[in-house]
Amino acid sequence: MASSATATDMAATATSPARNALWRALTGRRGLGKLLLLAMIAAVLVPFAASRWGSGAWPGALTVDLSGPLGQASNWIIDNRDTHPLFLYFFGWISEGVIVAVRAVYLLLLALGWTGVTAAASLLAWRVAGLRVALTALASFAVCGVLGMWVPTMQTLALMAAAVAASVVVGALLGLAAGLSERTYRALRPVLDTMQVLPAFAYLLPVVLIFGIGVPAAVLATVVYAAPPMARLTALGLRDADHGVLEAVTSLGATARQRLLTARLPLARRELLLGFNQTIMMALSMAVIASVIGAGGLGDRVYQALSTVDVGSALAAGIPIVLLAVVMDRTTAAAGTRIGEEPSGPRWSYGWQAWAGVAAVTAAAVAAGRAASSLTWPGSWMVTIAAPVNSAVGWMTSHLYSGVPVIGGTADWAGHFTTWILDPLRSGLTALPWWAVLLIVAALAWLIGTWRTALTAAVSMAVIGVLGVWSISMDTLSQVLAAVAVTLALGFAVAVAAARSRRVEALIRPVLDVLQTMPQFVYLIPVVALFGAGRAPAVAAAVAYALPAVIRITAQGLRQVDPAALEAARSLGASGAQQLRQVQLPLARPALLLAVNQGVVLVLAVVIIGGMVGGGALGYNVVYGLAQGDLATGLVAGAAIVCLGLMLDRVTQPSSDQAGKER
Amino acid sequence: MSAPVFSVHNLWKVFGPKAKADRVPGSDAADLTADQLRKNTGCTVAVRDVSFDVLAGEVFVVMGLSGSGKSTLVRCLTRLIEPTAGEIAIDGEDVRSMDRARLRDLRRHRASMVFQHFGLLPHRTVLDNVAYGLEIQGAGKAQRRARAAEMVEKVGLAGLEGRRPGQLSGGQQQRVGLARALAVDPEVLLFDEPFSALDPLIRRDMQEEVVRLHHDEGRTMVFITHDLGEALRIGDRIALMRDGRIVQCGTPEEIVGSPADDYVRDFVRDVPREQVLTVRRAMRPADAGEADAGPALAPSTLVSDAIEAVARTGGPARVVDGGRCLGVVDHERLLAVVAGLPLTGAAA
Ligand SMILES: Nc1ncnc2c1ncn2[C@@H]1O[C@H](COP(=O)(O)OP(=O)(O)OP(=O)(O)O)[C@@H](O)[C@H]1O
Ligand SMILES: [Mg+2]
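As given, the protein sequences belong to chains A and E, one line each in that order.
Position 136 (the first sequence) corresponds to 136 in my numbering; numbering is contiguous.
Position 218 (the second sequence) corresponds to 218 in my numbering; numbering is contiguous.
Bound-form chain A, shown alone (with noise of 0.2 Å):
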């Protein structure tokens, strides 16, 4: 999901220009100027503000309690809701369509029946992405029915239809807009960048506000999240399209309707696929995240058997949703790759024959099912894996918890990380002055971006006390350090390893592939299952997010290492650890750069998420929030989580203001 974008964005960043800047800002004397400065500015402040306001964690009189005024707020829209003309005639409608939209894809899904959709789905695979993909989408539905999920899996489907349907079309035309008008792109581009970055549950709290929590309110906050990657690359594919081309049209005569729809939009094939690919793999992820507000369907079965730790319950709603991602992600990026190649085979194999013979065989399956009066999955082919699964469950409680010999049990690692690491971590960042954490942040940022990455960070952080949740955020930040440390960690060894050997490489790709197709949710069932509730299983449901992107692009910024330049270290009779050290980590710079931020990223979303099985901290309020009707604890966390993703992606992304300039 996440990694496709990035490796857009790792082109940019590959660029030497930036490369030799950033270089520069972190080694030469322009590095050691902004920190002069810097001090400077903080000598003169820190003593006025720690006299003032002491220096503990955030003083109190830079609070502002909004709890109050969102509660008077959300209780007026609550009252209003009704009558109000701006619900009743804007947001009304708009919830009104959804419920329709839903519904009706809904129905049209179970008129279908099993065998209609899975013949409709597996066809359309097997159109689109080859016959592989089909035999996947094939058995997916299959064990979709078995797993006694078919009902869920038909409403997610339906929701993620109508998500999916909106995000197309507003982020094409927002793309559109972008793609034609550079003053658009200019205006749109930061926002898109910002909304990239946030985790998903930043989303739930404003939608829920005006919505109620509902079917509604899980459809918008899906398109909210899912649109920005089609607005993206669909700008960047219109303003990528090649000039030579463009210039040739124009030159024989075409108007700027036709030069958009036979040329540009054509030439952006790749992008606006991929767009849609992204888009589709965002929402279902939201999709199920979206549970907390009303989704239902698959997320929520989920949702419901964690909050009870049944584990069993969990994973029979996870592996269809798991299975979902994978066949839409390979389906949409076969449809991306397949552009224009020959149709090869036999004749009724492609062109308007083969939908043809798609038509009629679904046609037939529905026929079929139906005149077996067997519209959904027959209960006798279901098998219970709840009942198993956490009988096993029980025996790892029993047995691998702890007190194994000598490695311990896994609930013994999950306490003792909680002991060693996150308590002190935790403790300590608490324990810092609140001006130095402003000063560290700002420190960072700005060594690595400009004075107003570092003003962005800085306010951000300060954002955070004033809503009142600095100790809370320092909670989550201390997740966020821990896993983010243990993601690279694991993740550079194994790169290392990876871009070493084409046989680690084999191994570990296909795992990459599937791991980064999972939604986020999923990532929780098998902490929980492995180490129970708590911060731990937490960090490890974000490391494991976390990890595969981590690896992906470092293996690739190491393996693109000029040959030639490692090729010299080797005639000059470097180690292997000589070269991996003094060539190619040093070139691999941008790479690695762009793997911490993108790592630090991920992390966030998933600790975030964590709030749900006993991570604590911002997304248990959010949870709560939700909960509770408490909107306002809910809104003020979901603030800070904004605060908090747009200081930690701030200092850690060192291109973003060279790779603008240079557009």
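For the record, the hints were derived by calculation from the structure and aren't laboratory data.
Here are the simulated distance ranges between beta carbons: (1) A:ALA165 x E:LYS141: 26 to 34 Å; (2) E:SER258 x A:GLY244: 35 to 43 Å; (3) A:VAL511 x E:PRO17: 48 to 56 Å; (4) E:GLY218 x A:GLY244: 23 to 31 Å; (5) A:TRP381 x E:SER169: 54 to 62 Å; (6) E:PRO17 x A:GLY244: 19 to 27 Å; (7) E:SER196 x A:ARG132: 44 to 52 Å; (8) A:ILE440 x E:PRO17: 42 to 50 Å; (9) A:VAL361 x E:GLY166: 29 to 37 Å; (10) E:HIS215 x A:GLY357: 48 to 56 Å.
Glycine is no exception: its CB is placed at the ideal position from the N, C-alpha and C atoms.
Using the hints, position chain E with the ligands against chain A.
Quick look at chain E with the ligands alone, frame taken from chain A:
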């Protein structure tokens, strides 16, 4: 010959912020060096006070080194690049004052362009690429396909109609580009270094193709190149550009035979002059008695051919036009041409 198709007067193109660029033509700033101008105003002068006529039916070649403003000049003709100052007329009609519809009409029917990097639509087949110009004019599918098939045949790509540009070699792609330009039956063909991305051998092929096309159809062509050999081979007249200015404009023979300045002289130094210059330029007035004896040559005979005739007979050859003797060429004159010595006392 005939009336000019394109008539260009005092054309300027200055790249840069519009307000500043508009003020450069004719001002003192125009005389600064490129670097200084860029430093002072942020502008680049690509075409500088250029005037020329392209006559109906001729191949007009614009030649110059990289960066001399050739591409910019040819794009100004159909306003793919908006000129900064000056006049352009096509068949007497002012191009710069055309509104959008007129301009589109000009591009659709009167002047088509062939590009260095082909500019083909990668998602369309060869046939659909060739038919593209007709398609955007609104021609019916059957009609445009028939016409496109004809053009594909004409440029020698028959059998490859169903391929996509990515599956063709560079030379084949450029043939598609050529067919696409020809399909709309334009009055003028504009070429912007069409063959410089091709291998020398293929380039030679394509040049012959263009010569043949011109011979068959007599279509007016404006041909941009940085290759002197190519210019001499296909050009009826050549304009030589340097730093946005035309430094000399004339027939290949005039350019090679009497370079306007040292720059041009340098440019044409390595040209095999005997293969460009004709005896009209090499001859001297006939001395008494010479006007009646010796082999007769037409004035357009190349010096290289005259050498053969003179060597065979051993004496001077006469240059005869319509029965009248214009002058003679002898060993001395012919050797002077080959050696690149100045020719003194040329006949009228
Ligand atoms: N869009 C532009 N903006 C600014 N300057 C430009 C632009 N296009 C061309 N120039 C400048 O105008 C000058 C002439 O460029 P032009 O492309 O016409 O040269 P050319 O003779 O076609 O060269 P080549 O043989 O390399 O194609 C160059 O100095 C170039 O840098
Ligand atoms: Mg050029």
